[in-house]
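Engineer: Using the hints, put the two chains back together into the complex; each one sits in its own frame.
Residue numbers (the working numbering), protein chains in the order written: chain A, 1 to 451; chain B, 452 to 563.
By construction, these hints were calculated from the structure, which means they are not laboratory data.
Think of the CB as a built atom: it goes at the ideal place given N, C-alpha and C, for glycine as much as any other residue.
You can take every hint at face value.
With the Cβ distance kept under 7 Å, some of the chain B side facing chain A (calculated, not the full set): (1) V496; (2) Y497; (3) R498; (4) G499; (5) Y502.
Per label pair, the in silico range of CB-to-CB distance: (6) B/A473 / A/M39: 36 to 42 Å; (7) A/S430 / B/T480: 26 to 32 Å; (8) B/G488 / A/G376: 52 to 58 Å; (9) B/V550 / A/G198: 54 to 60 Å; (10) A/G429 / B/V474: 38 to 44 Å; (11) A/Y427 / B/T494: 30 to 36 Å; (12) A/A9 / B/P508: 56 to 62 Å; (13) B/E472 / A/S408: 39 to 45 Å; (14) B/T494 / A/A9: 56 to 62 Å; (15) B/V550 / A/I201: 42 to 48 Å; (16) B/P508 / A/S430: 30 to 36 Å.
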Amino acid sequence: MPEIPEISAGDTAWVLVCTALVLLMTPGLAFFYGGMVRMKSVLNMMMMSFGAMGLVAILWVLYGYSMAFGNSIGGNGLLGDPTEYFGLAGITADSVSGAIPTFVFVMFQCMFAIITVALISGAIADRTKFGSWMIFAALWATIVYFPVAHWVFAFSDEESGYVGGWIANNLGALDFAGGTAVHINAGAAGLALALVLGKRIGFGKTPFRPHNLPFVMLGAALLWFGWFGFNAGSALAANGTAAVAFLNTVVCTAAAMLAWLLVEKIRDGHATSLGAASGIVAGLVAITPACAAVNIVGAIAIGVVAGALCALAVGLKYKLGYDDSLDVVGVHLVGGLVGTLMIGLVATDAYIAESALGLFYGGGAELLGKQAIAAGAVLAFSFILTAIIAFAIEKTIGFRSSEEDELSGVDLANHGESAYEFNDAAYGGSFSKGSGSSVNVTAPSKEGAPA
Amino acid sequence: MKLITAIVKPFKLEDVKNAVEAVGLEGLTVSEASGHGRQRGHTEVYRGAEYTVDLVPKVRIEVLTPDDQADAVVDAIVGAANTGQIGDGKVWVTTVDDVVRVRTGERGEEAL
Chain A
1 MPEIPEISAG
11 DTAWVLVCTA
21 LVLLMTPGLA
31 FFYGGMVRMK
41 SVLNMMMMSF
51 GAMGLVAILW
61 VLYGYSMAFG
71 NSIGGNGLLG
81 DPTEYFGLAG
91 ITADSVSGAI
101 PTFVFVMFQC
111 MFAIITVALI
121 SGAIADRTKF
131 GSWMIFAALW
141 ATIVYFPVAH
151 WVFAFSDEES
161 GYVGGWIANN
171 LGALDFAGGT
181 AVHINAGAAG
191 LALALVLGKR
201 IGFGKTPFRP
211 HNLPFVMLGA
221 ALLWFGWFGF
231 NAGSALAANG
241 TAAVAFLNTV
251 VCTAAAMLAW
261 LLVEKIRDGH
271 ATSLGAASGI
281 VAGLVAITPA
291 CAAVNIVGAI
301 AIGVVAGALC
311 ALAVGLKYKL
321 GYDDSLDVVG
331 VHLVGGLVGT
341 LMIGLVATDA
351 YIAESALGLF
361 YGGGAELLGK
371 QAIAAGAVLA
381 FSFILTAIIA
391 FAIEKTIGFR
401 SSEEDELSGV
411 DLANHGESAY
421 EFNDAAYGGS
431 FSKGSGSSVN
441 VTAPSKEGAP
451 A
Chain B
452 MKLITAIVKP
462 FKLEDVKNAV
472 EAVGLEGLTV
482 SEASGHGRQR
492 GHTEVYRGAE
502 YTVDLVPKVR
512 IEVLTPDDQA
522 DAVVDAIVGA
532 ANTGQIGDGK
542 VWVTTVDDVV
552 RVRTGERGEE
562 AL
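One chain only, chain B, in its complex shape (with noise of 0.2 Å):
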């Protein structure tokens, strides 16, 4: 089992999650994240002053997934969050050890 994290743009969240939906998945979380990568903050200025905002928001969306279907969902979330501009984010994929649903204490991929 795999955990796919991707920090996107936040105006990019309904296509990213219209985009596992269609792979065939049926859960997913999603927070709001602050950040910043190679695309740095901007600037805002108050009455003069000029701040540099470093920590720009950002949505993180997380999805597990059984090994095989993995690939076909950093695909499809890598598809739709892609605007060609820098600060576009990341995917990244990590193994998972077990997995239980609280309802049932089902265990496993069961649980996916």
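Same shape as in the complex, but just chain A (with noise of 0.2 Å):
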């Protein structure tokens, strides 16, 4: 009779929260994006995010789980067998990974599959027709994202035979919750939209101020709570590895807003609340990878280089002239490559016994050498296939909104809304002919517009 494997209570409640933490992440990421774009845009903005959400989630549970968790396809760590648990088949609730329920894991790893999609989105601001954008995160998801999770992700076994992805098992570079997979997928991602969509009308001429910043300081807020899920939640178990990773996503975090607000006030005279929000998720995004492998003195420095970098980042779009709107290359790729690299410099034992040593605490360069090439790997993977499939898709039902449109606003022309009603005497009008109640509306008013 085979040994059946003991759920972990503690870990499991702990793993369920991070899950529910990490869907948060995304409506969090709408809304420090939605606060980023022009007033006309916000809706589009936010409903990219949304959209993944819904769409992400059903492709997961079909096969996207499958191919990224699936036994290897020819046992070279490059893809997960799609049929294997397609539609999740074959999983119950008696089902165990590790010390949790197969589909808590199933569940927290949908979460990070929508977020990555949901990140690129920032790159295409103001200008994407919202069925192509989800035709895109759907294609992008498939070819992109699952095989990509397979190779960081999904670690072998070898004592049920179980063959896992490659750049977790045959490189063997550390990525603890995601820099390369998450980060820099996205991140290559959104250059190669921003290239293949082109830049917005009056990109470098007329300004594209944020048109509400809370929104940005509520999206980082509620980014940063939730990416303890992310980050804590990775080690799946409430144990010492989850306290390390949630101490070093408070730490990395810190010290990478407070550089960015430093390269602000120094470069432009003013500490930002958009370069705290910023500088947040740069940080954020930094110790991704990273918040299992080093100590404080790390995570700082981590930290202080991805805000500082990013905050420099930023401004490259100008410069080479490519519209990445929301800075998802500046602050993702760029913090993603800063965290994935630097484990090859400060990665330390000093917490966690067996983790790697970086070049800084005599492991010599070889782990350098190994985070290199997982990071190069999966940037130039997502780069190249991202420009393919946004160019079939701007080639055959076009991708980019109207000229109309995009002068005129997205919202409208994708959604059929605006986002907000400042001006209490041009509210109202009368419901269209064949909607709204059965009754006729002749004297409109607010108690007659639709619930």
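Structural biologist: Here it is as structure tokens:
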């Protein structure tokens, strides 16, 4: 009789909570991004995140989980078998992964797939057809994210004969919570999309000022909160590793925010709220791969470098002429690279005894080399395939909104809504024929508007 | 009858209102406005990108007065809105042909 693996109630409770926390990051991201765009495209910006929540969750349970965590096809670590757990076949409430029910692990990883897709949308603000975005999201999740998640997150298990992904096992690079699979992946995809879709009308000439900075700060706060689930939850247990990840998620993020503000104060004369929110996200991105590999010295170092470097990198788009509207490249690609590569320098066994050592802690350059290969492979794979997918969509059904829709605002064009009603005199209108209440509203008022 | 229109700095609105009321007038209309004179705008920096904001927030105050009170009202507004800084705004006076009080149908100075 096979041994029945034991479920830990504590671990299960913790990862369930973390799963919900990671889901919350995506609406948080929607606020973070939504506040940064102009008033006429905030709904479209937020809907690209919400759309990913709907779509990717379904794809994940249909075949995404199987592509990421099924047995590696041919044992080469490139792609999980999509048929193995198709429709979550064979998994029941009694299935166990580690010390938690498999369904909990399935959902925890589902949230990673959702937010990675949502992150990309920041590169194409103000000018995207919603339907084309949804098709892109489905193709990108399938062709880019699910395989890369397999490379990075699927760990082989000799006992059961399970073969996972090449970065996690053959290469042995460290990526605790997704610096490569999530952030470098989304950042490279954002760059490719921004290049294929082209610049917004008026880019570099017309100011695209954020329309609601409190939204941006609310989003950054929700992201930080949810990120505890992302990083500390990646321990998949309520244990010391989760505690280390949690600690570093605070320390690195704090350092990055301060570094970003310092750069701004010196360069521009003011420490801005947008800079604080951006620094927080840069720090969270950078500590993601490293949160279980470093001590607080390493976390502060990564935070300072990420905060300062990202603050400088967001200006590159104006010099190089690509319209990565909300700096997916400057924050997620650059931050992800900083965190992934700096593991090779500052990884230490100070907190977690079995951890690999970086260059500064006597581990030599080997780990740094592995980190660079992992980062480079994900970057190149994501960039090239994203460019192909985006180009195919643009040439067939069209990816970018018409000039007219872009100028009048993609909210109205894509969703038939406008976000705000500030002018009471212009409020009201009347129901169109055949819609709204069955009563013919002839004197429109606030009470007559659809609830 | 005169229509006095004043464009002033928003934070001076309360002072101007009080000053106009002190002259003895009972009505005025206030709206938010954007614009610039010699003041031009200011610069804002977002993620390192510097934008010049040309149009700065102002309030526009409109007051209807009998001819003999117009000068006093203008003086009151100018006195209250003055900070000595660039961007304090402008006040101008135009002649009004007729005024009607909607509730009663009164016309001319009766309606003021």
